[in-house]
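> Position chain P against the provided structure of chain B, taking the given hints into account.
Protein chains in written order, with the working numbering: chain B, 18 to 473; chain P, 18 to 473.
No lab work stands behind these hints, which were simulated from the structure alone. Take these hints with a grain of salt, some might be off.
The list treats identical chains as one, so a pair stands whether inside a single copy or across any two.
For lysine-lysine, the following PhoX-like pairs were computed, each having C-alpha atoms within a straight-line distance of at most 20 Å [unchecked claim]: (1) Lys92 <-> Lys102; (2) Lys405 <-> Lys301; (3) Lys332 <-> Lys21; (4) Lys253 <-> Lys218; (5) Lys92 <-> Lys110; (6) Lys72 <-> Lys21; (7) Lys102 <-> Lys421; (8) Lys261 <-> Lys424; (9) Lys405 <-> Lys299; (10) Lys412 <-> Lys301.
Number of protein chains: 2
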Amino acid sequence: MAQKPSIPKGTRDFNAEEVAKRSYIMETIKAQFQVYGFQPIETPSFENSDTLMGKYGDEGDRLIFKILNSGEFLKKISDNDYNSKSEGVLTSKISEKALRYDLTVPFARYVVQHQNEIEFPFKRYQIQPVWRADRPQKGRFREFFQCDADVVGSTSLFQEVEFIQLYDAVFSALNLEGVTIKINNRKILSGIAEVIGAQDKLIDFTVALDKLDKIGEEKVKEEMQSKGISEDGISKLQPLFILKGDFGNQIESLKAILSSSEIGLKGIEELEFINTAISNLKLKTATLQLDVTLARGLNYYTGAIFEVSAPKDVKMGSIGGGGRYDDLTGIFGLKDMSGVGISFGLDRIYLVLEELGLFPDTIADSTKVLFINFGENEAMACLQTVTKLRQNGLKAELYPDAAKMKKQMNYANRRNIPFVVLVGEEELKSEVFTLKNMNSGEQHKVEFKELERLLK
Amino acid sequence: MAQKPSIPKGTRDFNAEEVAKRSYIMETIKAQFQVYGFQPIETPSFENSDTLMGKYGDEGDRLIFKILNSGEFLKKISDNDYNSKSEGVLTSKISEKALRYDLTVPFARYVVQHQNEIEFPFKRYQIQPVWRADRPQKGRFREFFQCDADVVGSTSLFQEVEFIQLYDAVFSALNLEGVTIKINNRKILSGIAEVIGAQDKLIDFTVALDKLDKIGEEKVKEEMQSKGISEDGISKLQPLFILKGDFGNQIESLKAILSSSEIGLKGIEELEFINTAISNLKLKTATLQLDVTLARGLNYYTGAIFEVSAPKDVKMGSIGGGGRYDDLTGIFGLKDMSGVGISFGLDRIYLVLEELGLFPDTIADSTKVLFINFGENEAMACLQTVTKLRQNGLKAELYPDAAKMKKQMNYANRRNIPFVVLVGEEELKSEVFTLKNMNSGEQHKVEFKELERLLK
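Looking at chain B on its own, in the form it has when it is part of the complex (with noise of 0.2 Å):
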């Protein structure tokens, strides 16, 4: 193979400094999820087709990577099905298998398959790579990390409440002050439709009052006359363009225009609920904001939406979201069992993370100390030495290879390791030690001890 290798578009290699950041985030959440009592779980990277297929829409299943079988894949398959040349016909045929979609769908089927092993309410979290055929663009990929937790078998609101401060604690813990956390209540969403006469067009509406932001009042209105949506409905969500205020008064609003609805009222009953207990706890660095154009996945979330965005200086969609789906097992036949959640979006908070400037400094520090190789026996002291405070735990090198002495030290500039150690003749017999400071050209002999002291 002489052209230079690749991967495949939407993927990518991390180098050291990328993984040891991503995986600073991942840790930060780790320990916070572990604090609020979450326990891990992982699935296989690979489901049986029929766990998947149908969860995520015609266009989730268009996405969904297929493992073709091994072996004689073709020989099961009649003349007339494989005569038919149809990519829907085959597929089922030549592929059992597929790649995880998201992270929501193993856990639901993991809980089913796990029941009776499992304590309810279960609070798992789940960090682990999907994948997804999807078209690759700026900040999305066809292979990422889905960081979420989630509580399965409890209707309780404390757990909504609980979300909320595990949002705030994780992106405190980032240093990643001024968060909003937006919430809103399918049951809210529910109401207004049914105050403005238009059950049967929840979707319609709901998609269109979320470009409020983009696209201005006017034009949400002619979306929603051009959906159907009668004029004297449309009159009555006036109340809706001009929601302002705290979270209290935009409730108080609420109120007034869901007098009439019961599930509208119930929604009303809920965010009150999380808000007075999240008054009463208050959060470190986030703020909670009531946001009623919020409706991400709807078909799905029954309770609780949330969705996370970052401090306004910074451009950026959403870096995390989630919500309660009050039936979710019910797909592999485990009735009655809710469940709310919520995913950190880590590729996303890397970015922001990266532009604000918010990783530790430390965070790729890898090798500490280098031992330049003056030749067998003196490489063979130094690594008595090196051995000796790798033992410790000090990160250590001795360079492999009697090199030229520039070439040694280029390698110990280029990989940011800030000392150097250089051991000739003269050093081997004295057991004194030559400490190099990189960054500040200094150097001067020390013996072993001060060298760890002054390593640590």
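Coordinates of chain P only, in the frame set by chain B:
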């Protein structure tokens, strides 16, 4: 879907305890990789098929999981090709990507692709899953993690020395004492083949020799004969079958056998250097042992060959292996890059630690304290305290529902939560907490400061 869902054969779900134990092993390995100056990289789960195909032999090609192209994957196939109904013809047309089969080929691809950003010698580690369409059996899975460390760009034997130290450091850190690090050298095998006039039968010869432990001297000789190795040649091997004593003695015997083989003597010289260095440096808990029958992946290695066996009282295949390959990146067009590396067998190490009871007791410790939920007001007050504890890094939970006391206590019991806090109306007023030790059954009243102290 009425039927209980399942996962593909050869794959596994991991529960909280298993995740914790696996990550204990991986974190221990990772910490030593870093102390030894290795840097992490990560590569995509799937590669372009031409990156992987043809790199692992015919058997390997068959065991690689191929990913079906998305969309209209039949469109580009000619009628001729289609009508052949041949898996061989179709596979490359309908699949352009394949799941990673090991970490070495992707590493070689990475090095070539990023050669201008890399400082050589490049010491990288990589801990990621790989996939093989092998027939699943006890201890063999279709998805499993590999933990690899390799150096590329130096022929220095100090690398081999350090890898032996690294094995010793990792297994010592895991408290797995008494592992045997077996070493051989491809050059010695080549030398022996040369001496007995069977250069062209090196593979047959080593395959037979490799069975010495299992089938004994006579059967090995029979097998060699059946493969066409002359009786005269086999008789020259006699000293090989009675190689006894320590490393030094075995080396002396080998010198006698290989005195006429240049390459054989080179192999001996390398082994001697490594053995002398390790004798000087001393291993903590492992033993280095020369094993002339060790051949693993013969077509691959060109110098040192390593394999690690579990302590003698544990029945288990190798728990690690590796070696030197002189032309690691040649397959991708970058010549003269010698590589040497080792791998840790996560699944087998797991089984060994489990069998010997070596996992630390505290490894799967999750939630430390559960606050019993007596109703909305009490729960709200509890959540204040839970929040404070969490902010101080303590793993705490509030039971989300005001369920029956027995149910909540059962939850704590089954989750192995060691402490439970009961805050009823009375406690709410006096701001003291009743803390119950779930092991002893004792309970007493404490203030917050005391609560925090006891839980830490």
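> Run every hint past the structure and note whether it holds.
Hints, verified against the model:
With identical chains, the CA atoms of Lys92 and Lys102 are at most 20 Å apart both within one copy (15 Å) and between copies (9 Å). Taking identical chains as interchangeable, the C-alpha atoms of Lys405 and Lys301 lie at most 20 Å apart only when they sit on different chains, with a minimum of 12 Å there against 44 Å within one chain. Proximity of Lys332 to Lys21 under the C-alpha cut-off of 20 Å is found in neither arrangement, the shortest distances being 35 Å within a copy and 45 Å between copies. Only within a single protomer do Lys253 and Lys218 lie at most 20 Å apart by alpha-carbon distance; the minimum there is 16 Å, versus 89 Å between protomers.
Proximity of Lys92 and Lys110 under a CA criterion of 20 Å is satisfied in both settings, with 10 Å inside one chain copy and 17 Å between copies. Taking identical chains as interchangeable, the C-alpha atoms of Lys72 and Lys21 lie at most 20 Å apart only when they sit on different chains, with a minimum of 16 Å there against 39 Å within one chain. Proximity of Lys102 and Lys421 under a CA criterion of 20 Å is satisfied in neither setting, with 64 Å inside one chain copy and 60 Å between copies. In the homo-oligomer, the alpha carbons of Lys261 and Lys424 never lie at most 20 Å apart, since the shortest distance is 65 Å inside one protomer and 44 Å across protomers.
With identical chains, the CA atoms of Lys405 and Lys299 are at most 20 Å apart between copies only, with a shortest distance of 11 Å across copies and 49 Å within one. Proximity of Lys412 and Lys301 under a CA criterion of 20 Å is satisfied inter-copy only: 18 Å between copies versus 36 Å inside one chain copy.
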